[in-house]
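Take the sequences, apply the hints, and build the full model.
Below, each chain spelled out in residue letters.
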Amino acid sequence: MRKLLALILLVALMGTVAAAQVKITIFADDTRTPLMRELGAQYTADTGVEIEVVEYASTDIRTAYVTATQAGEGPDIVIGAHDWLGEYVTNGLVEPLDLGDRAADFSQAALEAFTSGGTLYGMPYASENIALVYDKDIVPTAPRTWDELLAVCRAVSDPDVPMYGLAFQNQAGNFYQFFPMLSAAGGYIFGYDAEGNLDPCDVGLATDGAVFGASLYQSMLDEGLIPSGVDWDTLNALVAGKNAAMFITGPWLINAIRDAGINYGITQLPAIKGPNGAYNVPKVFMGVQGFMVNSFSPNKTIAMDFLLNYIATTDVMVELMNQGNRSPAYLPALSYAGADALAFSQQAAFGVPMPSIPAMASVWQEGGNALDLINNGTDPATALQQAKDLILAAVGCE
Amino acid sequence: MRSQSPLFLAVKFILIGIIDAVAVWAGVGLVLQQAYPLFALLVLGTAGLNLAILSRRAYPLRYLLPGLVFLFGMVVYPIGYNIYIAFTNLQTGNLLQKSQVLQLLDNRYIPAPDQQTFTYTAYLDGNDNLLLVLEDVRGDTYVSDGTSTQSLSASGIDVTRDDQGRVVGVEGYQPVTGAALYQILARLEALAIPFDHEFLRLSGLRNFRTYMKQYHYDPETDQLTDLQTDTVYTPVDGRFTAANGAVVEPGFQTWVGTRNFLQIFGSAAIRKDFLRVFLWTIVWAVLSVLLSFSLGLSFALLLNDRTLRLRLLYRTLLIIPYVMPVFISAFVWRGMFNENFGIFNRVLDDLFQTRVPWLTNAMWARASLIFINVWLTFPYMMLISLGALQSIPSQLYEAARVDGAGSWLRFWKITLPLLMISLAPLLIGAFAFAFNNFTLIYLVTAGRPAVLGAATPAGATDILISWTYRISFQGGSGNNFGLAAAISILIFVMIGAISALGFRLSRRLEEVYR
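So the sequences go chain by chain: A and B.
Under the working numbering, the letters of the first sequence match residues 1 to 398, in that order.
Under the working numbering, the letters of the second sequence match residues 1 to 514, in that order.
To be clear, the hints were calculated from the coordinates, so they are not data collected in a lab.
It is possible that some hints are incorrect.
[Stated by the list, open to error] Simulated pairs of lysine-lysine, DSS-like, Cα-Cα distance not exceeding 25 angstroms:
no.	chain 1	residue 1	chain 2	residue 2
1	A	Lys388	B	Lys272
2	A	Lys136	A	Lys242
3	A	Lys300	B	Lys98
4	B	Lys98	B	Lys213
[Unchecked claim] Label-pair restraints from in silico Cβ distances:
no.	chain 1	residue 1	chain 2	residue 2	range
5	B	Ser55	A	Thr63	42 to 48 angstroms
6	A	Cys397	B	Gly45	47 to 53 angstroms
7	B	Val323	A	Pro298	35 to 41 angstroms
Each residue gets a CB set at the ideal place from its N, CA and C atoms; glycine is no exception.
See the structure below:
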């Protein structure tokens, strides 16, 4: 019996040791997984290194990476968005990357998005932002100023049809979509400290410019030019029923717009005339997607080799960009970008990378609550001031 | 004890064999990962299992043990872990163990000034010993075994060279090239070879470069020293902190005693919003249970009438809300309550030219939520009432009828009191469930609409548990698990107290009618 046990133990040990073939693990979402598997097979054929791609739902991957890495079971590479970076860096879960002279191949803005405290932590592949998408059959020429937009809205809006001039996801809590209204005349999220890093104690959500934009938004609600309480499902229904002349949305809605048979155009948001008389194009949040490397990975060299020589190629970058009409972050792929992607990147010139510092958790929460209050008729100045106060309190800046 | 059939014995031993084999496999894995507490648990569990099955004296154990294992694994352990977390600083920024953080910091190197670059070739001998031949830009050649470096000429190692003088072979060693190199890259990456007060580290596939080590950790004094600036950091609150307050990221988990609880009780903001949220939580739980029980009981009484035709059909239809997944029905209801596009407001608009802010006005949102919850839970109340109604002896009703009691009086004096004996514990359970019904609140309103003048992210429909979620996971600077665990313990105490009160009341009920 004892001999038998010893034998079993030995066999089990050998099995564990023999499995030490070098392997790279990648966490990817369902869209990216097939391409990664294909490239992984190619890498295995070239180098003998096995590549395992673990597929996650795009909504789960962010936390799955944290949980797995914390438990020492994290992948070598995770594919994600730059706004996860703050959480990852603060927790020590991602490794600084050195792209060397390849850095010149990437858009400066995209690299900046993946930079935290002056250190680069990700290799970007695509960026996305919202812009104005309009129905050319109803709005032949896109409005260049907000006054023109209001004129179009007043001409076409009819709540009985229902028909709206403009629609975007403004349901309670969607601060991402609300930000352009605040930013046009001078609202911002966080200012910068002396070293050029974001300063969570400088919140610009209640500036005169932000209040001005929010009041403009509220007056449009009151006038019935935009519907309130539009969530993702409602927005899709509005698109399918052609119930709005213009949308503020991102590349993720383009397929639905095409399916609805809308003769659409994409352009930058109309400029808003601020209280000081100057016209400013509303700034939108830019989201950048990229690859990050686990700080606990024992195979960072191989991971970087895979990223730089198998992912950062024009063919692969073009394919990654085309998965969802995103704008490329890899400059050689730019000339292959489709018309839609190029049109969205027009607005990207007026984009700011979503701040990725952990204090953003409070901004999403309280900025969303401010939108909620404004939707329900609260005076914008009061609502935004409350958001600012609560963010400062939650972050500990009092 | 009766003798066992050979077949039974065979199955028994095969099963034990499989269980033990799995345990051995898992045990080896745990030892290799140095997870000794789990390993001890595994050994104890497996030993207990074997004892229970093999020993005759431990016969009763085999019925108890599975239950005990699940009780421990699914109830005791999570509760214990939750309590433990409540006394730690586990949160964004303090996620890793101290050992993990030290591992990261120990591996932190910065490029040396005037960084030198070496090309290298790796060699292995028959015993898997490593030899690196490194060449710098000037053409000087060095050899290293991974722990030290010396110049090739001084080492006395026999090498073969090509006609340009490059080293192409080492006596007794095989060069590692092509795919084989990838297999040892992890080994090369882990190296930090002392070289002239600096360290050689792998940099890319083809090079070693010179680096300087950034930190030194002294386990004796528990101090971290920045080797470049000589700054000394000591652990404060889960973060290596210098005398001037500068910290080294990342932080690590550490015990903080009652700090999380003090934060709850000491925060003026939390105290300010607590009463409002608590009152709504009580109203929500009480009304949900009362209304759904009344509705469920009414339907049960109707369905219990034997003269009613198509009873089975009605009963099936009425159970549907209970069978539908709440994830679907919550979204459907949210859509129907939508202010602009929902079916209710479309009908109201057509008929009366008016719209109700179902989910955006505080009072309406609360009413809508209770309505949805009643819709979701009344079938459960109906089912348990139907069962309990069967157990009421019909003689009681006959006697009451003889005494001249009408149906109304019979309901209040016989049906309801007798029902309450068996249903009161279930109603208390339903109350506790509604008290903590995070899912429905989160899916329908997410605690919104927001409240003007709130001091924390507490919306008009936030109950305690969803408020907890917003404070600890959506506010501040990321996730604060320690705080969430502390609040959940307080909520547990509240529900415990309310339930204990409920049980005492229902026991009084029982005694009266016994």
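Each hint, compared with the structure:
no. : hint                                    : in the structure
1   : Lys388/A / Lys272/B                     : 18 angstroms, holds
2   : Lys136/A / Lys242/A                     : 12 angstroms, holds
3   : Lys300/A / Lys98/B                      : 22 angstroms, holds
4   : Lys98/B / Lys213/B                      : 19 angstroms, holds
5   : Ser55/B / Thr63/A: 42 to 48 angstroms   : 45 angstroms, holds
6   : Cys397/A / Gly45/B: 47 to 53 angstroms  : 50 angstroms, holds
7   : Val323/B / Pro298/A: 35 to 41 angstroms : 50 angstroms, violated
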